[in-house]
Structures are given as C-alpha cells and as structure tokens.
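Protein sequence lines correspond, in order, to chains A and B. Here this note's numbering is used: the first sequence runs in plain steps of one and ends on residue 398. Here this note's numbering is used: the second sequence runs in plain steps of one and ends on residue 398.
Each hint should be verified, as a subset may be incorrect.
No distinction is drawn between identical chains; accordingly, a pair holds when it is met within one copy or between any pair of copies.
Claimed, not checked - DSSO-like mimics (lysine-lysine), calculated; alpha carbons at most 30 Å apart, straight line:
#: 1; residue 1: 283; residue 2: 26
#: 2; residue 1: 322; residue 2: 95
#: 3; residue 1: 205; residue 2: 82
#: 4; residue 1: 389; residue 2: 222
#: 5; residue 1: 389; residue 2: 113
#: 6; residue 1: 82; residue 2: 226
#: 7; residue 1: 91; residue 2: 124
#: 8; residue 1: 389; residue 2: 53
#: 9; residue 1: 95; residue 2: 125
#: 10; residue 1: 176; residue 2: 125
#: 11; residue 1: 368; residue 2: 6
#: 12; residue 1: 26; residue 2: 95
#: 13; residue 1: 389; residue 2: 20
#: 14; residue 1: 29; residue 2: 268
#: 15; residue 1: 26; residue 2: 82
#: 16; residue 1: 154; residue 2: 222
#: 17; residue 1: 124; residue 2: 264
#: 18; residue 1: 6; residue 2: 95
#: 19; residue 1: 99; residue 2: 375
#: 20; residue 1: 176; residue 2: 124
#: 21; residue 1: 91; residue 2: 125
Treat the hints as calculated values from the structure; they're not laboratory data.
2 protein chains.
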Amino acid sequence: MEEILKGIEIILPEDSLKEKLEESQKTGKPLVVKLGFDPTAPDLHLGHLITLKKLREFQDLGHEIVLIVGDFTAQIGDPSGKNKTRPPLNKQEIKANAKTYIKQLGKVIDVRKVRVQKNSAWFKKMDLADTLQLMGQYNLGRMLTRDDFANRLKSDSPIAMHEIVYPLLQGHDSLKIEADIEIGGTDQLFNMQVGRHLQEANGQKAQTVLCMPLLRGLDGTKKMSKSLGNYIGLTDEPNDMFGKVMSIPDDLLPEYINLVTNFKKEEKDQMLAQVTSQPLETKKMIAANIVTQLHSEEDAKKAEEYFQNQFQNKDDASKEYKDVNFASLGLGDEVILVDLLVVLNVRESKSAARQLIESGGVQVDGEKVTDPVMKIETGKSEMLIRAGKLNFFRIIFD
Amino acid sequence: MEEILKGIEIILPEDSLKEKLEESQKTGKPLVVKLGFDPTAPDLHLGHLITLKKLREFQDLGHEIVLIVGDFTAQIGDPSGKNKTRPPLNKQEIKANAKTYIKQLGKVIDVRKVRVQKNSAWFKKMDLADTLQLMGQYNLGRMLTRDDFANRLKSDSPIAMHEIVYPLLQGHDSLKIEADIEIGGTDQLFNMQVGRHLQEANGQKAQTVLCMPLLRGLDGTKKMSKSLGNYIGLTDEPNDMFGKVMSIPDDLLPEYINLVTNFKKEEKDQMLAQVTSQPLETKKMIAANIVTQLHSEEDAKKAEEYFQNQFQNKDDASKEYKDVNFASLGLGDEVILVDLLVVLNVRESKSAARQLIESGGVQVDGEKVTDPVMKIETGKSEMLIRAGKLNFFRIIFD
Numbered sequence: 001m002e003e004i005l006k007g008i009e010i011i012l013p014e015d016s017l018k019e020k021l022e023e024s025q026k027t028g029k030p031l032v033v034k035l036g037f038d039p040t041a042p043d044l045h046l047g048h049l050i051t052l053k054k055l056r057e058f059q060d061l062g063h064e065i066v067l068i069v070g071d072f073t074a075q076i077g078d079p080s081g082k083n084k085t086r087p088p089l090n091k092q093e094i095k096a097n098a099k100t101y102i103k104q105l106g107k108v109i110d111v112r113k114v115r116v117q118k119n120s121a122w123f124k125k126m127d128l129a130d131t132l133q134l135m136g137q138y139n140l141g142r143m144l145t146r147d148d149f150a151n152r153l154k155s156d157s158p159i160a161m162h163e164i165v166y167p168l169l170q171g172h173d174s175l176k177i178e179a180d181i182e183i184g185g186t187d188q189l190f191n192m193q194v195g196r197h198l199q200e201a202n203g204q205k206a207q208t209v210l211c212m213p214l215l216r217g218l219d220g221t222k223k224m225s226k227s228l229g230n231y232i233g234l235t236d237e238p239n240d241m242f243g244k245v246m247s248i249p250d251d252l253l254p255e256y257i258n259l260v261t262n263f264k265k266e267e268k269d270q271m272l273a274q275v276t277s278q279p280l281e282t283k284k285m286i287a288a289n290i291v292t293q294l295h296s297e298e299d300a301k302k303a304e305e306y307f308q309n310q311f312q313n314k315d316d317a318s319k320e321y322k323d324v325n326f327a328s329l330g331l332g333d334e335v336i337l338v339d340l341l342v343v344l345n346v347r348e349s350k351s352a353a354r355q356l357i358e359s360g361g362v363q364v365d366g367e368k369v370t371d372p373v374m375k376i377e378t379g380k381s382e383m384l385i386r387a388g389k390l391n392f393f394r395i396i397f398d
Numbered sequence: 001m002e003e004i005l006k007g008i009e010i011i012l013p014e015d016s017l018k019e020k021l022e023e024s025q026k027t028g029k030p031l032v033v034k035l036g037f038d039p040t041a042p043d044l045h046l047g048h049l050i051t052l053k054k055l056r057e058f059q060d061l062g063h064e065i066v067l068i069v070g071d072f073t074a075q076i077g078d079p080s081g082k083n084k085t086r087p088p089l090n091k092q093e094i095k096a097n098a099k100t101y102i103k104q105l106g107k108v109i110d111v112r113k114v115r116v117q118k119n120s121a122w123f124k125k126m127d128l129a130d131t132l133q134l135m136g137q138y139n140l141g142r143m144l145t146r147d148d149f150a151n152r153l154k155s156d157s158p159i160a161m162h163e164i165v166y167p168l169l170q171g172h173d174s175l176k177i178e179a180d181i182e183i184g185g186t187d188q189l190f191n192m193q194v195g196r197h198l199q200e201a202n203g204q205k206a207q208t209v210l211c212m213p214l215l216r217g218l219d220g221t222k223k224m225s226k227s228l229g230n231y232i233g234l235t236d237e238p239n240d241m242f243g244k245v246m247s248i249p250d251d252l253l254p255e256y257i258n259l260v261t262n263f264k265k266e267e268k269d270q271m272l273a274q275v276t277s278q279p280l281e282t283k284k285m286i287a288a289n290i291v292t293q294l295h296s297e298e299d300a301k302k303a304e305e306y307f308q309n310q311f312q313n314k315d316d317a318s319k320e321y322k323d324v325n326f327a328s329l330g331l332g333d334e335v336i337l338v339d340l341l342v343v344l345n346v347r348e349s350k351s352a353a354r355q356l357i358e359s360g361g362v363q364v365d366g367e368k369v370t371d372p373v374m375k376i377e378t379g380k381s382e383m384l385i386r387a388g389k390l391n392f393f394r395i396i397f398d
C-alpha cells in the first residue's frame, strides 16, 4: 500500500488515490484501473515499463485492470485524409495489433486477469443525436486550452474539427467502464481529466488520474518514443536490449535506476551513490536488470557476455589492427567484400570467406555486414575490417 | 431575369447567380433554391417578406424552392441544457409549427409548388463514424472565425461543443438536396458558406449564397425580430398591421418602400421623392400596400378607415381639448375614472359612463382605458382625456 503511492508524477486529485485504496480495502471491492491502448501503435518500449510496473502493483493488490482497445477510431483512420500516419485499420489488423500489445503487457503484468474491452462496443451504437448530446456536455473554450490545440490555433496550423471530439470519446470510455483510476503518461493528462468531467456530469464519481513520469531515450534528451527512434523495445532481443542500455549517456543513469529497474531500495541507493565513480559497472547492472525483467536472468548473462565480446573486447583489440595499403593489393576499383577477405588471407577459399560473412562474423567500420558481395567503397581514406575473432585490418586508401 | 438580380445584399460568388440562371435557361433545368426553416421559430414578420418576395421571383421563373425543415436539431433541443429557449420539440409540435410556417409562406409564394424536406431524413441515419467524417471535412480555426463563436471565446462566454457542429449540419443539408442556391439573412452568411465548402469537398458544384437585406423594426434602429418585439407579423390582423406601419419613424420610409412594398419602379421613385414633404401620406400608401399584399385590397381600405377614426381623428381633435382645472371639480384626491366622466358631463349616469369605458370609447393620455375604476393620478401636471367621439378634456392639476 505504501509502495503503490510512490513514483507517480501526478495524482489528481492528490489525496483521492489513497482514499480509494483505503475504501476498497474496507469494502473488499476491487478498483477498476483503466489503461487505454491505441491499436495504431502496438509497439511498447522501456518508457511504458514505468506504467506497466505500476499496473502490476495494482494487480498484486487485487485490483482490476481494464484495457480499453481504441478500435473504433482506429477503424476510421483520419477522416480529413491529411494524416498519412493514421490509415484506417481493418478488424484483422486491429486484432493482430491488440494481440502483439497484450503479449508485451504479459512481460510485466498478468494478462489473464486483464479485462480487454473494445470501445467499438459502445461507439458503433452511437448516432448523431448521441454525439451531439456528448459534445453538449463539454465547453469548447476549455477543450481549446489543450496544449496541442492551443498551439496549433495560435500558429494557424490546421485542426480538422473531428480531432476535438477524440478527447470526449476517450473520456466516454471511462464513463462506460466506470473507471476508478486511469493511468497514462503526462501527455494524457488533459484527456484523462475530460473523463473526470464526463463521469461527474453523469452522476459518477470521477476517476483518479495518474500520470507516470516520462523516460528519456537513447539520445539522452528527448522523451523515449518510437517515432523519434530513440527507444528500447520491450520485445527487443536480449543482446540488442543490453547493448542499447549500454549506449545511454551516463547522466541518464539515476533516471533509469529509479524508473525502470526493480532493484530493492537499498540496492538503488548504493547504485545511485556510485554512478559517477563507476558508470560502466552501474550501466551493466542496469542493463542486466532490465533484460532479466523482460527476458530472463540467463538471457541477461548471455547478453552481457555477448556485449563483452562484441563491443568491449573490440576496444581492446583496436590497438592490434594491421595497416594494409589498398593499392598494394592490386585489386583495381571494383572489389567486393568476399574477394577482399580472400586476398587478405582471412580464409583460404571464397566459399569459406562467404560463410564467415553470412554467419555474421565480419564487421566493417564496427557494423556487422552479412552481404558477401558488398562493394568496397574506395573513395574514403580508410576502413576498419574485423573478420572472425582474430583478424583486424585497417585498409588505407590513397 | 433582370429583376431577379436586384435587391440582393450579398451574392457569393458575385457572378454565379447570373451564370446559373443563364445555364438553367439554356438547359431548361430548373435551379434548386434552398430555404432553411427552424421549427422552433415558426412566426414570420415583415423582415422575412424581403426573402419571400425574392423566392416568388424564382418561382415565377420556374425554379424549384426546397424548404428544409430543421426538425432533427429541434427534436434534440439544447443538449447542454443551458439554453432554456431551445426546449426539445416533439414531432407533433414540429408538424404544427411547419404547418404554421408554410401557411405564412403561402401569403407570398405558391406553397403547392414548394418541396418540403425534413432533414431528419438523413440525420437520423448518421452514426458517430459519419459524424466524425463530416467534421473531418472542416477546419476548426475557420469555424471559430464565425462572429458569434469568436466573440464568445474572446469574452470567455461558454460555448458547448455541439454548437460548432450545427453549421456543418446546415451545410450538409445543401449537399443532400444538391442546392444551386441558398437564400437567407446576412446573419446566415457564414453557415451558407459552410454549405459551399462541403459541396465542393464532395465533388458538387458549390451553391450560390444570397443574403437579403435586413429590415429595421418599429423602433427604427434595430433589425426587426420577434425577440426584440419590434416586429410586424405576417399574420397580424389588417388593422394592427396598418397601425404598426403607421408607427414607424419617418426616416425608415425609403427602406420600407424599397424592401417590402410591391409598387412599380416609377411609383416607388415618386414616393421616395415625397417622403420628406408628405411623410404621413406616404406612410399610409406603404401601410395600405403591405396590407394588400398580405391580406387584400378591401382589408387595406377598411384598415385605413379604422386607423383614421381611431388615431388620426384624435390628432385633429387635439386642438379642441377643453381645459379643466381639476381642483375646480371639487372631487378630492381619491377619484376614479367613471366618476370623473360623470362630473365632466360626458354621460348623465354612472352606468352609462361605465359602459362607454368598457366598450373602449375612452382614452387617457392617448391610451385606451377599459377599467372604470382606474384611479386618477393627481400627482402629474395634466392629463388628456378623450371620451367618445366628441369629448376632449385637458385636466390640469395644481
């Protein structure tokens, strides 16, 4: 109970979460905790882990998670036809995306206990009169204070009129499932408050709104998001996941320790004390912890080894690169990777060299290359080649 | 054809009316002329006559008038519940109001040729997805430029969100009936342009928008309207109608001559030339013309006679008021009308004086008084009393 009140960026109204939890404990009636899901964006990343961990805490206390699948608007797409990133999805696509999404949730919460509710159940029955009725319950001026609407109006960027209905639809979902709590990012704060308003206007107790803190992405400054490409996916392979965590800037370590690891409090305190003196070791501990949460301890161990071999040992080996003057090889200008490796005596035959490349054993300038016929660019000044565990070349062009 | 292009305040786009009329003449295909009717306001007044006369001209050229009965939103009323002047109407009320409305139209246009179309025919079939689709076709920023929305937003007056959908619904009506022309007051300019936009967005030729000039009401300054009480109803009795026209300020005469009489051009010119020198005679001609249009020539004649007797003869007689010093009558301070008349020898008996009052034959300060026991206010300086056709007194108090 103490734990569940912690780590939340915004609780609105402030005391209502505590009150509802106590009330539920007294009456034995579980709270309905709403989580909205947009089926056009099924991929979850580490930023979502913060919310999922909080949901797990609710679940562990016996409360009910209701996952609202926003299939109604997803099927419509963008009625103005201007937003190409919102094509209409058909039922099969929505089903597949929901499945993907729930599978990801399953990495943290018990999805068998989650109630999954498509909002088309009520929205497909709504007619024009119902829609006007719903809209009549909300003040336009208030809706226009939502940051993105206000900014776009101010800068004369177009807003198609249907867009301002969507917050009402999201709020209507809360009304339909009689949500006690809605959880989301701070970017959802406005919409979740619309839910509160509609519930109150219809004689329901308004939901408590919980905003979880946002996690910064790999670039170290911007909020982690798929569209910015600075994300670590919840379903990333262990090696990728480990490597990506290792790539975050050091000053993000406290944020990651606090928000996405599941270390005990004392462990966290100890790590926070050592981030500046031992950033690399701390980062490895974070990476291993995250991979353990989302895969397994064994996966975490293997990923750490892989990282050690692929990246960290490479740094050690970089001192042993052998310089080779490209012109001295007498290969002309049109050279492909497999031929270069044979000339360099990495393997004796072309087929053996091809096999090495295709099995992922060759890196060019630190990037794995699996295409044996990749053309060698002779226009640059030099190129680093690592083939297998032992062969390191610095090819120098004129 | 020349005539129909005249007397229109705004034609939008300017040349399109002429083009459409010529096109229709060439192809023999009549134009669809849309007139919207709000069933919550079935009473027409002289200001509407301007539009009706224009519609009559279209009808006389063989074009089709489509009357859109806005029954859909009338049945909803005000979803926000805040506007008490828009209670939801039931089907019977709407039917009755439409009947009343059409009866009034019949005073000017041939209602047998009018196509009456309830817009619930399409709106009751629209669902939430259709509504979002419709809203997606219009830009919010543009909608917010409509005067009343802009002003209310600026002054922080509440606007319920459904309100901004109504212009789209009105525009959608134009789309459904494929209107070539929509006619309305200048206060409808914005909404009629929304119709143009929606028609174009759906591959139709945009309707031509015609705004008819507004007529000022009895007060001489404000637009004639039922809610301001400064109106002459199209179904007012001949005597009332005549009298109300006679009561307009003289400087409105040119406006009334031009907008609501049906004199020939030469007659109008002659009248316009004499408004300053002969305002009373001109006003009578206008009043008679209007009563003739909306009732009959005979009604107009009778109404003029009635006016003459009731009001104008009074003015002539005003020179013959007999001065009476109230104190000299020796009646004290608590006097009622019937006693005063007996003392003044208007009638010999109290019952005869009472009968005269109750039959409407007595005016006090120009106002008919039918209450025999009306107290005489002795606090003012003087009081004019007219009793029957012959007795005129100026009672002078101390």
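Unmet hints by their number, sorted upward, for this structure = 1, 2, 4, 5, 8, 11, 12, 13, 14, 15, 17, 18 and 19
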